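Respectively, the protein sequence lines represent chains L and S. Per the working numbering, residue 1132 is the first one in the first sequence, and the count goes up by one each step. Per the working numbering, residue 8 is the first one in the second sequence, and the count goes up by one each step.
A hint or two may mislead.
[What the hints assert, rightly or not] The calculated label-pair distances, taken between Cβ atoms and stated as ranges, are:
#1 L:Phe1238 / S:Leu41: 12 to 22 Å
#2 S:Lys284 / L:Pro1375: 47 to 57 Å
#3 L:Gly1223 / S:Leu270: 23 to 33 Å
#4 L:Asn1169 / S:Ala228: 54 to 64 Å
#5 L:Pro1326 / S:Ala301: 49 to 59 Å
#6 S:Ala190 / L:Ala1439: 50 to 60 Å
[What the hints assert, rightly or not] Simulated coverage check for chain S against chain L, where a stretch passes if three residues somewhere in it have a Cβ under 8 Å from a Cβ of chain L:
#7 102 to 111
#8 125 to 133
#9 138 to 152
#10 161 to 169
#11 201 to 208
Hints in this document: simulated from the structure, not taken from any laboratory. Given the structure is predicted, the values throughout are model-derived calculations rather than measurements. The C-beta atom is built at its ideal place from N, Cα and C for all residues, glycine as well.
The primary structure of each chain is shown beneath.
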Amino acid sequence: MPNHMPEPTIAEALNAAHHQLMADDESVICFGEDFAQNGGVFGVSNGLLEAFGPARVFDTPISETAFIGMAVGAAITGLKPIVELMFCDFAGVCFDQILNQAAKARFLSNGNLKMPLVIRTTMGAGDGSGAMHSQSLHGLLASIPGLVVVAPSSPADAAGLLKSAVMSDDPVIFMENKTLYGHTGPVEASLPPVPIGEARTLKSGNDITIVAASAMTQAALAAAETLEHKGVSASVIDPRTIKPVDWNTIQSSVQQTGRLLVIDEGAAFGGFADTVIAGMTDRVFSALKAAPKKLTPPDTPVPYAVGAEGTWMPGASDIVNVATQLMEA
Amino acid sequence: MDQKALKHYEKCWFIRSFEAAIARAAAAGKVPGLVHLSTGSEVADVLLAHHLDWRRDKVTGSHRSHGIALACGTEPLDVAKEILGKKGGLSDGLGGTQHLIATSGETSFLMSNGIVGAQVPLAAGAALSAKSRGSDGIGVAVFGDGAANQGAVFETMNLAVVLKLPMLFVMYNNGMAQSTSVAQATESDFSDRARSFGLNTWKTDSNDYPDCARTLHQGAASARRSEPGFVEVKVTRDHGHYYADGEDFDASPAIENFEKYLLTQGFNSKLLRVAKKSGVQKAAAIVAEAMEAADA
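Take these sequences, add in the hints, and give me the full structure.
So, in structure tokens, the structure goes:
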């Protein structure tokens, strides 16, 4: 690693974090589909095979149940696997190993087992991948007791959360947004760990609190800028960790603004946005000046055509509209 | 005389008596849920465990794993307390009969599973860990003929072969997947399937103690060479229900055949009676002690 790192992309920061983690700890091993020789579909695993050899970096057959299960078994017997599930949509293929095995083993052992497992996977629509390669299942996965779910939106957060995930004794689902891989940002060369469970305030404001994770942070920041021109000062909070979510950071902002808008690319029904709104309503009801609102895609699968996908996805102008309604409420 | 065989004989009766005591507890309403007893697979359990080393080998089992957990060396009192939902159980009662997880003591048993076949990929993980450590250890998945039709098992067979994992697949064929017979559920031969994935395969019958011992030895040795092995072991399901009375308790073809074999090997019947009594009494005492423990 050079001391100075020019602003890397999220893919590059994740790649650098993998190199550091593997160099620092021999029990870290990495595998997945098209992971080793090909460097990963999004380039995150470039150079790992060459640097650490085929015993620690390898390709698997297209057998998600077997290799995710193998990662779970390896994590409870001394290794620290970082396993790649190419798209979170594929969780459907190996759901038992996630829902029943990874999520429950620590509880069922009364905490005696440790599971330093990281399941890296992708999420997010916007690239025409269609209904089975574009979902954002962070809310679904976070609803399962026993799983930690993170969804970083910057290179520093991606690298830092990956480090914390590998060091965690709990299984972590690490969700990378496909549309953010090329997103750049400043990082320290040492790629310092980012604590799990801590939100980051991307922009401070006094009138309205906007919570947005993963790629929705970009739309939220753009909307906040427009709102600023309209005289509305928005706070934008990236939870970074979906579960355990950082209630305190969101709560202090809502107590100040009295207005909450949650933007999420996940489920319209029973999703992360609903959870945040319910949590805040429960905690700071008396501080609310208006009923909190959410903005999610409609309750349908992700459509394929460019126009349809664009309409489906919440955008900055949608956020401005809903935020304006909330201000007038 | 092969003294370890006598120990195995005693252990078989220990497991059978343990399960009988659990069955009585269940019939008396002292077990939180349903229990799946290992009765009938004692000889296979004991012989498999005999070829494993708790320091380096790890076994994952099915929902029907009391016997293999005990055979592998898991503390019986902790197992009994866990099944009964008592404080001091393996997981203080959080796991229960289908989710036995051993994290301490001198045992090669890792965990059992509530999902049919799900334990098989986990054993591949244990094999991967052993291989990474260079420990010469193996991962062993124990599953039934029912699980043998799960995709998780097929996928893991292929994965183990392509990754050259030190892994042993042990399939207990008791002829019944819950209430569906093997003949109804399966058209092809289990070993043929495994062989087609590239595993070394064997078949044996737990009614034949020396053959079963030899075969499991070969299977474990193959796995230790990172040539994944598959052993089909015929076991008996001595009863389909979980309440065992005295008659059921004594009717065990595999243990009876084991006893006949021992008589041909120079053990006299008095010696065997003493061993049986010892195993039966120890297990009964342990389950009785567990029942006295505080509820979790």
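Structure-based check of all given hints:
1. Under the hint 12 to 22 Å, the C-beta atoms of Phe1238 (chain L) and Leu41 (chain S), about 20 Å apart, fit the expected range.
2. In this structure the supplied range 47 to 57 Å holds for Lys284 (chain S) paired with Pro1375 (chain L), their Cβ-Cβ distance being about 55 Å.
3. As the Cβ distance of Gly1223 (chain L) to Leu270 (chain S) is approximately 56 Å, the hint placing it in 23 to 33 Å is violated.
4. For the pair Asn1169 (chain L) and Ala228 (chain S), the supplied restraint of 54 to 64 Å is violated, since their beta-carbon distance comes to about 36 Å.
5. Remark: the range hint 49 to 59 Å for Pro1326 (chain L) to Ala301 (chain S) is contradicted by a beta-carbon distance near 38 Å.
6. At roughly 51 Å, the beta-carbon separation of Ala190 (chain S) and Ala1439 (chain L) lies within the given 50 to 60 Å, and the hint holds.
7. Proximity of the stretch 102 to 111 of chain S to chain L, defined as three or more residues with a beta carbon under 8 Å from a beta carbon of that chain, is established by the 5 residues found.
8. A stretch counts as covered by a chain when three or more of its residues have a beta carbon under 8 Å from one of that chain; for the stretch 125 to 133 of chain S and chain L the count is 8, and the coverage holds.
9. A count of 4 residues in the stretch 138 to 152 of chain S with a Cβ less than 8 Å from any Cβ of chain L is obtained; the coverage claim is therefore met, three being the minimum.
10. Counting residues of the stretch 161 to 169 of chain S whose CB lies closer than 8 Å to any CB of chain L gives 5, so the stated coverage by that chain holds, three being the minimum.
11. Counting residues of the stretch 201 to 208 of chain S whose beta-carbon sits less than 8 Å from any beta-carbon of chain L gives 0, not enough to reach three: the coverage restraint is violated.
When held up to the earlier numbered hints, the structure conflicts with 3, 4, 5, 11 and fits the remainder.
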